[in-house]
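Participant: Protein chains in written order, with the working numbering: chain A, 1 to 150; chain B, 1 to 289.
Hints should not be assumed to be uniformly reliable.
[Stated by the list, open to error] Simulated restraints, written as ranges between beta carbons of each label pair:
(1) B:A2 with A:K145: 53 to 61 Å
(2) A:N8 with B:P257: 44 to 52 Å
(3) A:N9 with B:E151: 48 to 56 Å
(4) A:K117 with B:G60: 40 to 48 Å
(5) A:Q66 with B:F42: 19 to 27 Å
(6) B:P57 with A:G37: 42 to 50 Å
(7) B:S48 with A:G30: 24 to 32 Å
Derived from the structure by calculation, the hints contain no laboratory data.
Glycine included, every Cβ here is placed at the ideal spot set by N, Cα and C.
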Amino acid sequence: MKLEVTINNQKHTLDIHPGDRLLDVLRRDGFTGVKEGCGDGNCGACVVLLNGNPVNSCLILAARVQHQQITTIEGIGNPQKPHPIQIAFADKGAVQCGFSTPGSILSTFSLLQKNPKPTDQEIRRALDGNLCRCTGYVKKIEAIKSLLND
Amino acid sequence: MARLIANLERYHQPVSLAEIQSLFDQTSNKIKILSGGTSLAFNRPDVSDVIDISGLPFKGCRRNVTGDLEIGALTTVGDLEEMPEVKQYANGILRQTTDKLASTPLRNLITIGGNILCGYYWADLPVALISLDAQIRLDNDPSKTFYMDDESRRGKPIKIADQSILTHIILPQKRSEYRSAFNKFARTTVDFSIVSVAISFVLDGQVIQDSRVVCGGIVPFPQRITAAEAVLDGERPDAKLFEKAGTIAAESIQIRPDSRAGAQYRKTVLAEMVKTVSFSALKESRNEA
Ligand SMILES: Cc1cc2nc3c(=O)[nH]c(=O)nc-3n(C[C@H](O)[C@H](O)[C@H](O)COP(=O)(O)OP(=O)(O)OC[C@H]3O[C@@H](n4cnc5c(N)ncnc54)[C@H](O)[C@@H]3O)c2cc1C
Ligand code: FES
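Please construct the entire structure, taking both the sequences and the accompanying hints into account.
Facilitator: Next comes the structure, spelled out in structure tokens:
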């Protein structure tokens, strides 16, 4: 079937199987910043924004996002032009292996879009679906708070 | 590359109940209805057709003429917790529940209807909803409105007819001012419950009346513990009474073990939680949650 979807503000028409996961369809189309960790909704490595809200792309049938808006980490920033959230994560040492980082950055991006001055508790809650097995969580929270002071 | 549904041939996105009905009428294929779709993490159905009902208009909430709160079953948990009416209803017990339900990206997918009908023993919203005497409505038809709690199937998952759609959850006006609280004991903030408890009651003068004590995580589906309710009703609230309700609750329920915790451990936790959640319900000042 044909999937028409807007990815990072650009319209795409993709050939998909109705049973495909959104995660795989995005990676196949070159958006490899979307990662697969657990594959069952637990880790958040696959998080993308669906109409601005973080969701687990490993649990979504790609067919569901017909005519909708997806944002992946590629739509947030790149090595030549990183987003301030990406700079803050790097500066504060909130990144080690990097595997969970795209999901965490997208969750942060969505949080700050809706709530530019989140409390510590709101930050923790917004990132509760993004597991990280190397740096832990304190550095991420420090990175996000550094953005609030600017 | 894993497919979520290996043999899926067609994906339908109807926007009305009439459209769904005609899909059912036209096909003899194996069909799965999905709303949030997160149950695919646990169960990959072998079907040729999916009917994605997330585009139906049954979202948001409104007060009906009798003052009851009607919530659209397609409302995601993420949207539910932002609704001012929901934050205020019965000490904000639903907000207390969604606060402990899964994670942010999952809450943006999981729907209130899906959380009820998935039938999982760890489902959190049914615990709170049963404590509020919630009703469910099928097919947007007032004549198909049923109480979630029914003595004949207490403790068993709620089943609806194959081609029915759960469209509304109705919270009675009567309980909106009741003292109510929910809590969940789990290994991490986003893990399934080891034990969850919801309690709701009114203080009539100095005594408790009309109490509901509901547990989840320890029985096949969230259920009322009527023996504990009988302990509370007609009594003045104090530590001794709440302790007794906890002890009786733990004695009267057949608790199932799972990989997270054994039955004896859960029993001990249940007794303690009935006590502490009763205290929370008593202390919460109304409409300030
Ligand atoms: C990793 C993970 C952790 C989770 N943690 C928790 C937790 O801590 N607490 C908790 O309560 N839940 C938790 N959940 C969610 C829970 O396990 C279910 O997956 C979820 O409640 C299903 O809701 P849904 O809207 O996604 O329903 P779906 O997956 O779309 O559907 C579930 C079932 O209900 C039927 N259905 C759904 N909506 C309707 C309707 N309106 N009318 C008719 N039939 C319908 C479907 O046919 C299907 O059989 C978790 C899920 C995951 C993946
Ligand atoms: S890969 Fe989707 S949540 Fe882990």
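Participant: Determine which of the earlier numbered hints do not hold for this structure and return their numbers in increasing order.
Facilitator: 1, 4 and 6
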